[in-house]
Amino acid sequence: MEAKKRSMMAGSAVAAGALLLTTVVSGCGGSSGGNTSNSGAASGSKSQGPVTISMIYDFAGKEFPKAGNEVQRAIEKYTNTKLNIQALPSTTYAQKIPVMVASGDLPDVIAGDPHAQGSSWLLNAIQQGQFWDLTPYIKQYPKLFNINPVILKNAEVNGHLYGLPRVRPLARNVTFVRADWLKNLGLQVPKTLNQYLDMLRKFTHDDPDKDGKNDTFGASVTTAFATTVDSFAVAFGAPNNWEVVNGKFIKDVDTPQYLQGLEFEKKMYDEHLVNSDSAVIQRPQWEGYFFDGKAGSIGNTSNTGDAYLASLKQNNPKAEITAFSALKAPNGKIRVPAGPGYNGELMFPKSSVKTEAQLKQILDFFEKLDERPMANLLAYGIEGKDYTVKNGKAVINPNSDYMDTVGYPYRYTLGVVDPTTYAIPAANLSAIDKLTNKLVEENDKYAVVDPTYTLTSPTYQQRGAQLDKLLTDANTQFLLGKITVQQWKAQVKKWHEEGGDQIAKEYAEAYAKQQK
Amino acid sequence: MSDVMTGQAISEQPVPKTKSRPVHELWRRVWKERWIYALFLPGFAYFIIFKYWPMWGVIMAFENYQPFQGVLGSQWVGLENFQRFFSDPAFWQLFRNTFILAVYNIVFFFPCTIIVALLLNELRIHWFKSSVQTLIYIPHFFSWTVVVGITYMLLTTQGGLVNELLNMVGLHQVNFLESSAWFRPLIVIQDIWKETGWGTIIFLAALAGVNVELYEAARIDGANRLQQLWHVTLPAIRGVIIIMFILRLGSFLDVGFEQIWLMLNAMNRDVGEVFDTYVYTLGLQQGQFSYSAAIGLFKSVVGLILVLGANKVAKLFGEEGIY
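Listed in order, the protein sequences are those of chains A and B.
Take 1 as the starting number for the first sequence in this note's numbering and just add one per residue.
Take 1001 as the starting number for the second sequence in this note's numbering and just add one per residue.
Hints were generated in silico from the structure; no laboratory data involved.
Errors might be hidden in some of the hints.
[What the hints assert, rightly or not] So the derived list for chain A, only partly shown, Cβ under 8 Å to chain B, looks like this:
| # | residue |
| --- | --- |
| 1 | 79 |
| 2 | 87 |
| 3 | 89 |
| 4 | 90 |
| 5 | 91 |
| 6 | 93 |
| 7 | 95 |
| 8 | 98 |
| 9 | 271 |
| 10 | 322 |
| 11 | 473 |
| 12 | 480 |
| 13 | 482 |
| 14 | 485 |
[To be verified] With the Cβ distance kept under 8 Å, some of the chain B side facing chain A (calculated, not the full set):
| # | residue |
| --- | --- |
| 15 | 1087 |
| 16 | 1218 |
| 17 | 1222 |
| 18 | 1231 |
| 19 | 1234 |
| 20 | 1236 |
| 21 | 1286 |
Note that the structure is predicted; figures quoted are calculated from it, not measured.
Cβ coordinates follow ideal geometry from the N, Cα and C atoms, glycine included.
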């Protein structure tokens, strides 16, 4: 009886299992139906039909335009492709892409930066040969790889290029200021650090918006997004992250100039010239303070000028902005930190791009984006809507929604070389764009390069994010008055002990190897 | 577990007369009770697909897992990840932070659900009771993003309601959100505000099952409301309280990732960084999957030990326990 009962139980378990299997299989049936349509499109590409390219990337806009919009259709038509784009806000993207890589289910093109903090997973994947090495193709695509050699070198991993760097100016951080506030107070755009501090004070205390209320402050800052302290430190003479002295690697926090920069910024906090919740807020609140007319200035990359002015005008049509970048330190020198010169790379996983022929199809697509009609589209938008051509120059429509429909979703995400390189010249760049272009160009003279962009350190790969956080947290705590200079120095010492020294050693070794 | 359930379903059937072809007989009965099996299937599938099947991924914790090589192809490193974890400079800080928050949760939040359930149980006006119940359930359905957003708007130093009020009465502003001292109280208050109502449901169900005659007998013996509560209500739901407590211990170290992640910043990280946020930073943001799997496994083992221990203790005191 006992044996009988057990066999019955086993039998019923099998029965249940069989029923379960049926549901699972039918579930798979549904999804495989979806796949069939995909592979149908892919197999269509083998004939002369459009090539299907799937991609995932980050973008800085608010909402990604729906598939089949006018701009994407124009790109697809010209390049004879069908684009399946999945775009995510930068912060979400940074969290999602490692999981996607882990799942192994990747599209043909992904955006990633193997040099960025916390990208050890990507570097590992590259070192395992999971991404196409583009080095052999550089000569075959002259337009696509028309890139400043310094930037190209920064994008390489161990001397090989594994992605198309989305080229940006080397030192592109600018500060946007309310021009109408400056005018109200009879101030000039600051040229030195001290003038800057003075401006912040007057923005805070002298009622720059002339509404009779003490409701403004100097600058909107957040520790979540932009790290202003590093640029102050560099201005005072600290290295940009690292400096090579006689083959040894010196970290910025170990220089007295870094502390000078930190103490300069602390003044801004102590005197309440900046918002007091900088450690809490995220991007929307941070930009909100500027757009709502509470803060008089905000720092960001040079290409945000038009968008910032537009957002500002929505709240206050009379608002005007101007910008500045490099500021002269009390010692009379001008220094700005240089970035890597690119914002992420477009990379091609071998798991989805299986053959060289497929890779070439994709590279062809990007090369075609550099031909004049596409360059015009990416640089200015749709002809007749966003701009018109007059005497061979682009006359930009000042009321177009170019940034939302073209700029954020396509230009800054798919553009490798700046499209204005190949587009017709612009007849009427906006004043703020003209200004920021000039500022960024001038910055090349003052740019201080981070020598570690081209080097790798295994310890930094593994523990870098933790160690960086140790230092940025210490900075924030010092700025907000939670810890003293001594305690800040203790944190720096801790950083050295927990891996900083090891990183310096590894960089020095990698550097010595590179110099040979 | 599934065997037990199916076994019961079958044993309730009358004993079959013919025993010649048991398998055929079995299928016939399965078919006869097919709707009961159909009801059982979703639960069965849930446990297999979401609980048992993913468990094999635990071996990641003993590997140097590399996404492109897969679980089977990655290098086996044994206990290296655990060694690294226990010697990690952050380990004791993480452990302390997680442990304190977990204890706060049990000490402050857990009794709240019981007290509110008892209070609701004492209400005699039906419409009032049910509307209060509905109202306090609502916060449960808010996402943590919303709750933290409300917290920010109330407490920010940049025009937050509470700080404006403090200003008005001439007090100093308090930087609640950028403070280590306020971090734990805020987390517990948020927890209580959001989840207390929802937590009362099981206790209310238990309270509804208390025999009314016991109260009548107590009243005849001259017990007042408080004495009834102490001598009748609480003993009646003691078993449920203990079961809920033991179940809670199973997820003792899960202190709520989303909430803490959203509340965390440079100024309160010394008390706010917990296992879950650390795993997230390392595992998902930096791709150290094996290391974070090892930490996750450690947490589960702690939870398992606590559940087994608490169950044993409960049985020693003559309670039923959870199994």
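For each hint, the structure was consulted:
1. 79: 29 Å, violated
2. 87: 20 Å, violated
3. 89: This interface hint is violated because 14 Å lies over the 8 Å limit.
4. 90: 13 Å, violated
5. 91: 11 Å, violated
6. 93: Where the cut-off is 8 Å and the nearest Cβ of chain B is about 11 Å from residue 93 of chain A, the hint is violated.
7. 95: Check passed: Cβ of residue 95 of chain A comes within 6 Å of chain B, closer than 8 Å.
8. 98: 4 Å, holds
9. 271: Status violated, d = 15 Å.
10. 322: For residue 322 of chain A, the interface hint is violated, since the closest Cβ of chain B sits about 25 Å away, which is over 8 Å.
11. 473: Where the cut-off is 8 Å and the nearest Cβ of chain B is about 4 Å from residue 473 of chain A, the hint holds.
12. 480: 6 Å, holds
13. 482: Hint holds; residue 482 of chain A Cβ to chain B Cβ min 6 Å, cut 8 Å.
14. 485: With a minimum Cβ separation of about 17 Å from chain B (threshold 8 Å), the hint on residue 485 of chain A is violated.
15. 1087: The hint is violated - residue 1087 of chain B has no Cβ within 8 Å of chain A, the shortest such distance being about 12 Å.
16. 1218: 47 Å, violated
17. 1222: Interface hint status for residue 1222 of chain B: violated (55 Å vs cutoff 8 Å).
18. 1231: 45 Å, violated
19. 1234: 41 Å, violated
20. 1236: 36 Å, violated
21. 1286: Hint holds; residue 1286 of chain B Cβ to chain A Cβ min 4 Å, cut 8 Å.
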